[in-house]
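Asker: Construct the complete structure from the given sequences, taking the supplied hints into account.
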Amino acid sequence: MNRVRCLVLNAALGPLDYRVPDGMEVEPGSVVECPLGPRTVIGIVWEAERLPGTEVPAEKLRPLRDVLPVPPLSAPLRRLIEWTADYYVASMAGVARMALSSGGALKGPATMTEYRLTGGMPERLTPQRLAAMEALEGEQANIRELAGLAGVSEGVLRGLVNQGVLEPVEVDCDRPYDEARPDFAHVELSPEQAEASATLAEAVRKAEFTPFLLDGVTGSGKTETYFEPVAEALRMGRQVLVLLPEIALTENFLHRFEERFGAAPVLWHSSLKSTERRRAYRAVASGSAQVVVGARSALFLPFRMLGLIVVDEAHEVSFKQEDGVRYNARDVAVMRAHFEKVPVVLASATPALESLQMAESGIYTKIDLPSRFGGAELPAIDTIDLTQEKPPHGMWLAQRLVDGIEERLARGEQSLLFLNRRGYAPLTLCRNCGFRFQCPNCSAWLVEHRFSRRLACHHCGHETPSPNACPECGEPDCLVACGPGVERIADEVAERLPDARVFVATSDTLNSPGKAAEFIALVEAGEIDVIVGTQLVTKGFHFPELTLVGVVDADLGLEGGDLRAGERTYQQVAQVAGRAGRGSKPGEVLIQTRHPEASVIAALAAGDRDAFYSAETEGRRHAGAPPFGRWAAIIISSEDDAEAREAANRLGAFRPQVDDCQILGPAPAPMALLRGRYRYRFLINARRSVQLQDVIRGWLRQVDHPPGVRVAVDVDPYSFV
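For the sequence shown, the UniProt record's numbering gives the first residue as 1, with consecutive numbering after it.
Do not rely on the hints blindly, as some may be mistaken.
Calculated cross-link-like contacts (lysine-lysine; reagent style DSSO-like; alpha-carbon spacing at most 27 Å) [claimed, not checked]: (1) 341 / 107; (2) 320 / 366; (3) 320 / 341; (4) 273 / 320; (5) 206 / 366; (6) 273 / 515; (7) 206 / 341; (8) 366 / 341; (9) 515 / 320.
Ranges of calculated distance between the beta carbons of each label pair, as one might list FRET restraints [as the list claims (entries may be wrong)]: (10) 649 / 501: 56 to 64 Å; (11) 654 / 468: 52 to 60 Å; (12) 135 / 385: 26 to 34 Å.
By construction, these hints were calculated from the structure, which means they are not laboratory data.
Beta carbons: idealized from backbone N, C-alpha and C, even for Gly.
Answerer: As structure tokens, this is what we get:
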């Protein structure tokens, strides 16, 4: 092969042809260094017939510079990259970049220097040095990563190295992981679990593409059920990928996995240190990483011999990537299994409507686990009508819910209060002049976080200290918190039940696996009486002493006109309700609402999931919404409002006229300013017979935009902001 076509990791460039120097061996999937002008860029050798490009005369071809020391990307992974780029109307370079997500891993075997505390003390103990030493207890990483962990400059740490307080440690970047043993522990399964796991294990043995929907009520033991096909894949020498929606869930999962298989799985998520990412990537590529547990990006790792994919909590909206390539990991997981010819398991207690429809049509094989494991009963559910049982003035919890918590305190049991709103209050205003604190980068109010004394934007991350006076009129002590967040609910519990030990569980407080592990240990040790949490606590946790769940505001998720608002609210409340009564003690769920007659709330109270999904299905069918129709969004953005508006109007002038395809807009997006960019949006609704991606690509090709304008396409959108 003298000439090769390469996919270079630059979305602005098309495929490029190169000459293969004498003595260099490449094949489709080889990762290579390519000359581009005076620079060297990374490329992937691709089948020329699958990657159309401009033929360049042989005498003008520049030679490849090197083949990188990693195994070639397999044909199934290359097909997945092609499919993802095509379906989500993204660049192949953008998708391929996710498959080469560890730059260090591409450089071959290596060692590196990390640092750890020696136990010694510096000659001069400054406040910064003391803070760093306290933060780095038990940590080992490179200087840059340690500085990030400690919140100090690298210079502070280098001073500690010179003082002998931190010592260098030479680390083998490719040291092997502990081996997971499929028969390490025997787990007693219920007859329903045993039948389900046998079906899944048989599919693993057949090594054929089979999509399963594992539909089990909360507490039915879905994890233990799919551990058996995981064990079967290990016996066959095959690799397994388990996707989890939240990093905070990994610690609980790791504990259960290690009890079953005698070793921890390989982790993959954005919080890994660069050395850990490098080690994991190379172990996956070599085949030595047996089971990988990761976030959605793990889908594009270069598995050598994949045997099974599991998507746990498959209904979760966090599986949808909202930046860059806007893909849904649940659907891409099914396609990866298709290309790899392996089974895939979508596990959930509240499956997405699309997944249920696929099962009903026979495309997915549905496996039911209708009862809880070990004889535990589903909790009793009741509603509290806030129009009739009003909380005391300035409070947010009805007396019946507070009484329920007090009863649990007396019995030594635990309670959970759920409100999907971080911080203390969603809006802070001045009672003197009416000034409201707004994010300078987004069309959003700043959220007060009283624990950390800051006002923060949950969209762009902008933060400012909480002031003592109004910045508009200068009046002191006039700022009023409007509405509740979890911190405010925690304060109310502390005020009304002063003996209760309260813990606020959100992405602010459980932002690492270590903090999540500490939280789990505190709950299991009985050192927390009341958990106040966001959606982070709605799944994956198993606390036998937790017998009461209170939903503070069940109506919150129904606001805003989101296509999936009803389904999402049902899933969140049903999932958090499932935390109650998972042990031998019965559970109770109290749902606070102002609209007990709403179909979602009524279905939750009656425990009638089928009735809710039936009504939701008919509503979607009538609206031509997924799974019966297709939605896509096109977002035009610029740092200049006039430029964004003009670009959107110009694109609108070229809108295609296609039967069974309705295009709405352009209109300002609900979040019209996001991260400093003004946004205008088109919404497309089409029947499933329409080749939607071809329509979008053909439309966008007709218009060129100024350099400051970005065009983003979101196929099957989950967020409508």
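Asker: Need the list of violated hint numbers for this structure, in ascending order.
Answerer: 1 and 12
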